[in-house]
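In order, the protein sequences belong to chains A and B. Residue numbering for the first sequence follows the numbering used here, beginning at 1 and increasing consecutively. Residue numbering for the second sequence follows the numbering used here, beginning at 161 and increasing consecutively.
Derived from the structure by calculation, the hints contain no laboratory data. Remember, predicted model here, so these are calculated numbers, not experimental data. All C-beta atoms, glycine included, are put in the ideal place defined by N, C-alpha and C. Be careful, since some hints might not be right.
Unchecked claim - Just a few of them, taken from the derived set where beta-carbon distance is under 10 Å, the chain A residues facing chain B:
1) R6
2) L73
3) G106
4) R117
What the hints assert, rightly or not - Chain A stretches covered by chain B per the calculated footprint, using a threshold of three residues with CB under 8 Å from any CB of chain B:
5) 89-103
6) 107-115
Claimed, not checked - Dumping the calculated DMTMM-like pairs for lysine to aspartate or glutamate here, alpha-carbon to alpha-carbon at most 20 Å:
7) B:K429 - B:D463
8) A:K74 - B:E279
9) B:K217 - B:E279
10) B:K352 - B:E414
11) A:K155 - A:D143
12) B:K359 - A:D107
13) B:K359 - B:D400
14) A:K74 - A:E96
15) B:K310 - B:E211
16) A:K136 - B:E318
17) B:K222 - B:D301
18) B:K359 - A:E102
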Amino acid sequence: MQKCERCDSPATIHVTEVLGEGKFEEHHVCEQCYPKYVHDSSDGDSSKTSAAEVASELDEALFPQQACPECGLKFIDFRNNHRLGCARDYQVFRNELMPLLENIHGDTRHIGKTPRRYPQTKLAEAELLQLRQRLKRAVEREDYEEAARVRDQIKTLEEV
Amino acid sequence: MNMDSLTQSNGEWLRASGPEADIVISSRIRLARNLSSFPFTNRATTHQKAEIEQSLKARVEKLDFDPRLEYVNLAAASPLDRQVLVERQLVSRELANSEGPRGVAVAANEIISIMINEEDHIRMQVIRSGFALDDAWQDADRLDDKLEEKVPYAFSEELGYLTACPTNVGTGLRASVMLHLPALVLSKQIEKVFRALQKINLAVRGLYGEGSRASGDFYQISNQVTLGKSETQIINEIRDVIPQIIAYERQARETLTRDNRPQVLDRVKRAFGTLQNAAMMTSEETMDLLSSVRLGVNLHLIDDIDIHGVNELFIHTQPAHLQKLMGKELDSDERNSERARFLRNRLRELDGLN
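Let's have the full structure, built from the sequences with the hints guiding it.
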């Protein structure tokens with residue numbers, strides 16, 4: 001992977017600056033260095049102020065433009081202050097958030113506690129899901145005793 | 161809540177009781193929860209924050225839960241009182257310094273606190289003296305169930321409890337253990353311990369959480385992953401690693417007293433002497449010197465003071481506590497002289513008791 005020209009992180013943004021007279025200049029930067037790159041390249045030289053405009057265009061290209069219908073948050077807002085605006089954002093920005101969750105937690109599926117008031121049917125569903133995961137893992141590590149036990153539990157739950 | 165009497169007592173986390181209390185200061189469980197019907201705190205209007213606060217305050221006060229919780233309106237509290245609560249670890253620095261309607265419900269014994277309108281609408285914590293993560297989790301779990309009877313939480317089957325920051329989503333659980341590791345610091349082995357912990361995805365922080373420096377050789381070890389593991393798994397992972405660190409610290413203490421006894425004794429005695437005689441004392445220096453004294457007491461190198469007494473000094477010499485005890489606001493220089501005077505007097509009294 002190409003490295004950012006300002007630090008050693010992988011470059012995720014590739015800019016072709018049009019210098020005029022058929023000349024171009026390639027730049028490769030990471031997301032962290034990008035704002036600084038824009039700032040520097042728009043400094044002084046007035047012919048390059050277009051970089052700032054390119055920046056906002058790029059933001060639009062990089063991040064989905066829709067705002068959460070509930071709290072009005074855009075994904076760029078989350079990128080800037082690392083906080084989501086409401087519970088619904090997890091659905092609205094699902095495509096962007098799932099890889100992030102995988103990155104942070106190494107997983108994307110809750111297997112912990114469930115609120116007690118949560119409808120009983122949903123509770124059983126969640127439990128079934130957990131049990132199926134356990135079954136899968138037990139089979140993977142060839143623990144057939146555990147697998148048989150879990151399979152029985154699943155059967156009992158499904159009969160209810 | 162009477163802040164003056166609170167200031168004079170010792171917080172739960174410095175009670176110095178509980179298992180392994182010579183090394184493990186406290187065990188803490190924190191749960192992050194949000195109300196399903198409001199935007200997260202950072203996106204809520206002042207009006208919405210006031211609604212959240214009102215409804216949660218009413219519910220927390222009526223909660224059928226022992227011990228009973230008392231509510232402190234943080235927006236109305238003085239900056240000094242807010243700081244006292246931060247120093248006692250009942251309120252996060254972020255919540256104390258933020259704006260708008262917000263508060264905390266605290267149990268009189270300080271084992272439980274529920275912060276309202278922190279980064280998440282609800283941040284409840286249970287803190288126990290010594291190495292007692294399981295006890296803390298049982299209390300937190302019970303408290304969470306009680307609160308959930310009355311409050312609809314933001315929850316998804318797939319992602320669990322939904323939080324403002326994706327680093328907390330899932331269980332919303334942060335389990336942490338605060339350790340006093342002076343011998344590992346002295347023998348320069350502490351970095352090695354950190355690296356090993358980071359490899360297994362555990363975070364190491366200073367006394368007052370994120371970004372704070374580890375003054376007084378206090379370290380907080382906590383989980384980073386909150387999604388894809390059950391609460392018990394998360395707690396077990398930390399609980400299983402702590403005995404190893406305790407063993408390393410004990411080993412380092414043994415080696416120090418065996419191979420470097422005169423140096424350690426000198427360090428402890430000098431620290432004690434400075435605390436007894438200095439005329440100006442910053443809180444950083446106090447923490448460092450008290451850390452050496454605490455080590456000395458645990459190694460039976462000095463018997464002028466007991467662990468409980470040392471722990472009390474750690475909390476009472478913090479800036480806000482000191483000002484509350486003196487009954488007035490002090491600038492930095494005044495604080496440093498008052499702190500030195502307080503230490504001289506208190507050590508004389510404690511010595512008289514022993």
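Quiz item: Taking only the CA atoms, is the gap from K359 of chain B to E102 of chain A under or equal to 20 Å?
Solution: Satisfied, since the Cα-Cα distance of roughly 17 Å is no more than 20 Å.
Practice problem: Quickly compare the C-alpha distance for K222 of chain B and D301 of chain B to 20 Å and report which way the hint goes. | Solution: Holds, at roughly 18 Å.
Quiz item: Do three or more residues of the stretch 89-103 of chain A come closer than 8 Å to chain B, measuring C-beta to C-beta?
Solution: With 4 residues closer than 8 Å to chain B, the stretch 89-103 of chain A meets the three-residue bar; holds.
Self-check item: 20 Å limit on alpha-carbon distance, applied to hinted pair K429 of chain B and D463 of chain B
Solution: holds (11 Å)
Practice problem: Mind checking the alpha carbons of K217 of chain B and E279 of chain B for me, to see if they're no more than 20 Å apart? | Solution: Holds. K217 of chain B to E279 of chain B sits at ~17 Å (cutoff 20 Å).
Quiz item: Going straight from one Cα to the other, do K136 of chain A and E318 of chain B come out at no more than 20 Å?
Solution: holds (18 Å)
Practice problem: Classify the hint on G106 of chain A as holds or violated, based on whether any CB of chain B lies nearer than 10 Å to its CB. | Solution: holds (6 Å)
Quiz prompt | When the least beta-carbon distance from R117 of chain A to chain B is tested against 10 Å, hint result | solution = With a closest approach of 6 Å, the R117 of chain A hint holds.
Quiz item: If you take the shortest Cβ to Cβ gap from R6 of chain A to chain B, is it below 10 Å?
Solution: violated (25 Å)
Quiz item: If you take the shortest Cβ to Cβ gap from L73 of chain A to chain B, is it below 10 Å?
Solution: holds (6 Å)
Quiz item: Does K74 of chain A pair with E96 of chain A here, judged by a C-alpha cut-off of 20 Å?
Solution: holds (12 Å)
Self-check item: Given hint D400 of chain B paired with K359 of chain B - CA-CA distance at most 20 Å
Solution: With Cα atoms ~15 Å apart, K359 of chain B and D400 of chain B stay inside 20 Å; holds.
The structure does not agree with numbered hint 1 stated previously, though it agrees with all others.
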